[in-house]
Structures are given as C-alpha cells and as structure tokens.
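K.L.:
Okay, here's what each chain looks like letter by letter:
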Amino acid sequence: MNLDCIVSDDMAEVVLSGDFIGYDDEGLKNAVYRRLSEAKIRKIKFSGALLRKWDSSLVVILYRIAQDAGVRKQELVYDRIPDNLQKLVRLALSVDRQPEKGVVRPRSFLENVGAWGIEIWRGIKKGLDFIGHTMSSVMRLLTSSAVMRRVDFLFALEDSSYKAVGIVSLVSFMVGLILAFVGAIQLKTFGAQIYVASLVAIGMTRIMGAIMVGIIMAGRTGASYAAAIGTMQVNEELDALQTMGISRFDFLVLPRIIALTITMPFLTMLADGMGIAGGAFVGITLLGISPEEYWKYSYDALDMTNFLVGIFHGFVYGWIIAVCGCYYGINAGRNADSVGLATTKAVVTGIVWMIVVTGILTMIFEVLGI
Amino acid sequence: MKQNEAQIKVKNLTVAYGDYVLLKNISFEVCRGDIFIIMGASGGGKSSLLRVLTGLMPAASGEVFIDGINFSSATPEEQKKIMRRCGILYQSGALFSSMTLADNIALPLQQYTNYSPALIKELVSLKLALVGLRGFEDFYPAEISGGMKKRAGLARALALDPEIVYFDEPSAGLDPISSKLLDDLIIDINQSLGTTIVVVTHELNSIFAIGGNSVFLDANTKSIAGCGNPKDLLKNPPNETVLKFLTRGEK
Ligand SMILES: Nc1ncnc2c1ncn2[C@@H]1O[C@H](COP(=O)(O)OP(=O)(O)O)[C@@H](O)[C@H]1O
Ligand SMILES: [Mg+2]
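Line by line, the protein sequences give chains C and B. If you're matching positions, the first sequence starts at 1 in the numbering used here and goes up one per residue. If you're matching positions, the second sequence starts at 1001 in the numbering used here and goes up one per residue.
Hints may contain errors.
Covered stretches of chain C (chain B as the covering partner; in silico rule of three or more C-beta atoms under 8 angstroms from a C-beta of chain B) [said to hold, decoys possible]:
| hint | segment |
| --- | --- |
| 1 | 58-66 |
| 2 | 119-133 |
| 3 | 222-231 |
Label-pair ranges, simulated between beta-carbon atoms [to be verified]:
| hint | chain 1 | residue 1 | chain 2 | residue 2 | range |
| --- | --- | --- | --- | --- | --- |
| 4 | B | F1096 | C | D239 | 50 to 60 angstroms |
| 5 | C | V348 | B | G1211 | 10 to 20 angstroms |
| 6 | B | D1175 | C | I6 | 20 to 30 angstroms |
| 7 | C | Y162 | B | E1143 | 37 to 47 angstroms |
| 8 | C | G114 | B | E1143 | 39 to 49 angstroms |
| 9 | B | D1175 | C | D55 | 25 to 35 angstroms |
| 10 | B | S1097 | C | D303 | 28 to 38 angstroms |
Bear in mind the hints are in silico, worked out from the structure with no lab data behind them. Every residue gets a Cβ at the ideal spot worked out from N, C-alpha and C, and that includes glycine.
Given these sequences and hints, build the entire structure.
P.N.:
Shown next, in the form of structure tokens:
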C-alpha cells in the first residue's frame, strides 16, 4: 500500500511509500482524509523514507492535507520528505491573490421574463440608435464632412460587385430553372405550359431575383462585414478609432453600406436575367417551346413596374444586410468566439428582417395598387 | 538521470523562412535541470528558434536533439511523444478563450492521461495554486489580467509534469511587479520540480534575475554572439553587440 495513516494519541503519521505516478486510489485517499479529520489529531507527520518516484498526483494529496490542516489548525511535520516536494507544497499554499467574482443570485421566473423584456426593449433602442447614427453619417457624407476612406469603399465595392457575380448568376439560374419545372407540372395539366415563360419572368423580376440575391449577399457579404468589424473589436481597433475621435460610422459602416446599396440593384438585375435564362433553358429543351415563342411570352409578361419593384427590394435588402452586418460587428464581444457569434447573428437577423420588410412592403404596394 | 548532462542539443541549426535566413549554423546545449536563456533583440528570430525547438516549424538544416533523440528528423508521432514531455508558455498565454481556466488546464490531462475526473480536478486546482491563482478555476481568460493569463498559461504548460518548459517572452507586456512574480515563479518551478527551463526574452531585468546559462542571438551576423551567464557576459563582454545589449547601449 502506497498510502497509509497511523494514528497515535493526538498525532497522525501519513506514510508514503513506493511510486506515485498518476496515483489515483480515490477510496484510499478519502479514507486517509477522513481519519485526519478526527478532532483529537493536532499534529500530522508526513514520512517519506520509502518514497521513490512521484509526480503531481502525490503533490495533490499533500496539498489537500496541508490545506485541511490549515483550516483545522493542525501542525504539519515533514519527515524525510524530499526537499523539492516540500517546496512545491509550500508554493501551492502561498496565495498572492484571491478571486472576487460577483455572486450570481438565481432569479425567479417573473424576474427572468422581466429581464428578457427589458433586454428586447434595449435591443430595439440600440438598433434604432444605430440606424440613427448611420443616417446622420450618410448626411455627413452628402455634406462631404465625413471621413470615409476611399480605399475601404472601393474594397467593399469590389467585394460586393464582380466578385459576387459568379455565385449570384449560378444560384438565380438554378432558381429560374426550378421555378419553370415546378410551374410546368401544374400548367401542363391544362395544356398551358407556354405560360411557364410568363410565370418565370414575373416571378423573378417582381421578387425572387431580389430575395435570392439578398440571401446570397447576407451569407457572403453581411457575414464578412460582421467578421471584419468584430475582429477589429477584439483587437481594440474600435477603441483606437474612438479615442482618435474618428466616428466608427463614418469610417467603417458608411463605406460598406454605400457599397452594398449601390451594387444590390445591379445584382438583382443580373439575377432577373439569369433566372429568365434558367426558365428558358427548361422551357426550350424540356418542354419543347420554341425560342421565339418563349421570348415573346416572357417579353409580354415583363412589366416596368414589376421590374422596378424588384430593384427597389434589392436596394432595401442591401441596406438591411449591410446594417445588420455592421451592427453585430460593432456590438461584438471582446473574445475570439464573439466574432463567430456576431457573424451568425448578422446573417440570421439580416434574413429575418429581409422577410419581415418584404411582408410590409408587399402590403403597402397592395394598398397603393402597384 | 544525472544533472549536468545535456538534455537539449542544438547542432549547426539554421532557421529560415524560405530563403530568408534568420539564424545560421548555431549550436548550443541546455543541461538537464538548468534555466537557459535565449536573448537577443526583437526580430532577431528568438520566437522562430523556439518554433523550431518545439516542432512547429522544420529546421532549414542542422539538428535538434532532445534526450539524445534527433527531434528534427523524428516522425510526427515521435515528435508528439517528445512534446508530451514539454510545456510551452506562449507569448500571449494562448489560453482558449471559450474555456474556463480549469478546462484550459484539464485539456492536456484529458488528452494524454486516463486519470479520473476527480484526480484531474485536484491536479487542476494544484497547478492553479502553484502559479498563485487558487480559486480561479471558473474564470474565463477574458476576466483576468495579462499577468494572470501568463500564469494560467504556465499552469497549463505544467499540467503534465513536463521535463522541459519553454517560455516565450514571459515578462513582455507585464508590469514590473507581475513580471518579477513570474520570474520568481520560473525559479521556484525550476528548483522544486527540477524542470529544465528555456526562456526566450529581451528583458534585461528578467535576464539578470533568472540568471543561468544563456546564448545571445545576433540578428546582424545571424549567429550566436556570446554565451555564458549573463552577469559574466556583462563583466567580460565578448564583443560590442553583447555589451550594448546588456547595458542598454549606454556604454
Ligand atoms: N511566418 C513568417 N514568415 C516570414 N518571416 C517571418 C515569419 N514570422 C516571423 N518572420 C520574420 O522573422 C523575423 C524574426 O521574428 P521572430 O522570430 O518573431 O523574432 P523575435 O521573437 O526575436 O522578436 C522577423 O523579422 C519577422 O519578420
Ligand atoms: Mg518573439
């Protein structure tokens, strides 16, 4: 047995022998701790004459006993314990600072609901505040007193323009294709598959083009805005901006928002075109509609109002995505995970707001008869 | 194993990033149970040398022997086995920010041993107490100061009772008191655990406080400009560069 405890009168002797490498005999350890806790014991002696190899698993035992002895005011004697082992225990016992952490009091259900409500209200206020600041930053830009670095703007513009063309084209082509397929199944039942052309043309231009671009750009650009600004928060770069007296809205938010709101309408147009091409691909190759006929029906269905409504949606989505990306970037926490969290929130919230705003806009257009 | 036998042997080592050579053909030895200082100006390739010594980067040429095993030509498996016996304290502490201090320190224990959760918990508390952070188990790295982060990083480096601990700039960015505490801790750990310690630093206070053997890396000649105890080096500087460095260029 490596560990033994011999009690005589008010003295206990803890005998250590053999090897203590990764020593983990829970039962024996606890038995020793229990015996040492007897009230009559005033003195504890460690005997290590037979001790051979040891590692931290032994120090753990001595440390625990020494700590308990400190609480119970028992005296400790080291007998033939290696010097470095004694030193180690003493080092562990010497404390230079104790933590002070606010005690978290458990809250009742009602309190939690209340706190949740307050949190939401604060979030709304913070969001509105952010939008207000952004607006005034845009105003400053218009009166040309904002500090926006051209390089930042061009970089954001580049990222959300030609670099996004590939993915936007591919996805909207596919969406047009799917739309045509799904429509054709229904229209075929009464021999009207030629109207696939109108369906795709109207569907893509009025809303689908804008929505697809919005979702792609939220995942691509909104996320990258949040990550880039969030990383700056982690690196204390945002603090540096603030202490230099540079508005983070002018410096970081503005170039990104302007870039995305400029490019989104153009990307929407691209998506419209690619969607119609996708529909045409299905119509011509699979439904046997002649190209001239397909084009004629598409052209007849195209309508300036629908087209402009789609473009307008694209513009609004661009604004929403950029605001969400920047908002969560700027409000990111200060450790490494917070960047990931900010990115996720930016994308999810961006898409949710896009859908909500689409609902509202649809109702408004309905009322206005557009 | 005996004291005063070389535990780390560096032979004709060249450290380079591609064609950009930082150190050329340097050789030195670190004895078991010693505190060894690698000093030199910022940008002189100290951290890069440490990356080679710890297997994060291959040597451009030359060899590193650890306990007589050729570390630089070892397979990744063998390197891992050797590194299990080494602890490293990175310049920034390198604590995982999403884990509490206890989880940070428990990680290598869970990875490399099959100790019971109870023993791991006890070991974690002990390591934290050793570096003066008793009771900080449930804190996150973001909730403690820079000096405490370094000490927590040291507790993690010590988790597996390493035979060698490497320190990269332990006192960089710390106030004089915290940096003194850390220097003392390095000496305490060395004396009580008999750990071989390699410290990379350019802080004169630390260099003289920790003492031990040392090498001075000269960025201009890409070689070792002096070696020996820093105090002896100051008394008998082998050349201008070392003298300038050790006297802050005042002589
Ligand atoms: N990944 C890398 N690629 C190329 N050069 C590097 C890399 N990391 C560091 N360097 C260069 O190596 C030099 C030495 O860096 P480092 O080893 O960190 O110096 P020290 O730690 O002594 O201050 C620096 O000049 C740096 O520019
Ligand atoms: Mg360095």
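K.L.:
For every hint, state whether the structure bears it out.
P.N.:
We went through each hint and held it up to the structure:
Residues of the segment 58-66 of chain C lying with their CB closer than 8 angstroms to a CB of chain B number 4, which satisfies the three-residue condition for coverage. Counting residues of the segment 119-133 of chain C whose CB falls under 8 angstroms from any CB of chain B gives 0; the rule of at least 3 is not met. Residues of the segment 222-231 of chain C with a Cβ under 8 angstroms from some Cβ of chain B number 0, which does not satisfy the need for three, so the listed coverage is violated. Checked against the hint of 50 to 60 angstroms, the C-beta distance between F1096 (chain B) and D239 (chain C) comes to roughly 24 angstroms, which is inconsistent with it.
For the hinted restraint 10 to 20 angstroms between V348 (chain C) and G1211 (chain B), the CB-CB distance of approximately 57 angstroms leaves it violated. Taking the beta carbon of each, D1175 (chain B) and I6 (chain C) are about 49 angstroms apart, not inside 20 to 30 angstroms as hinted. In this structure, Y162 (chain C) and E1143 (chain B) meet the distance hint of 37 to 47 angstroms, their C-beta atoms being roughly 45 angstroms apart. In this structure the supplied range 39 to 49 angstroms is violated for G114 (chain C) paired with E1143 (chain B), their Cβ-Cβ distance being about 26 angstroms.
Separated by about 33 angstroms at the C-beta atoms, D1175 (chain B) and D55 (chain C) satisfy the suggested range of 25 to 35 angstroms. Between S1097 (chain B) and D303 (chain C) the beta carbons are some 54 angstroms apart, a value that contradicts the proposed interval 28 to 38 angstroms.
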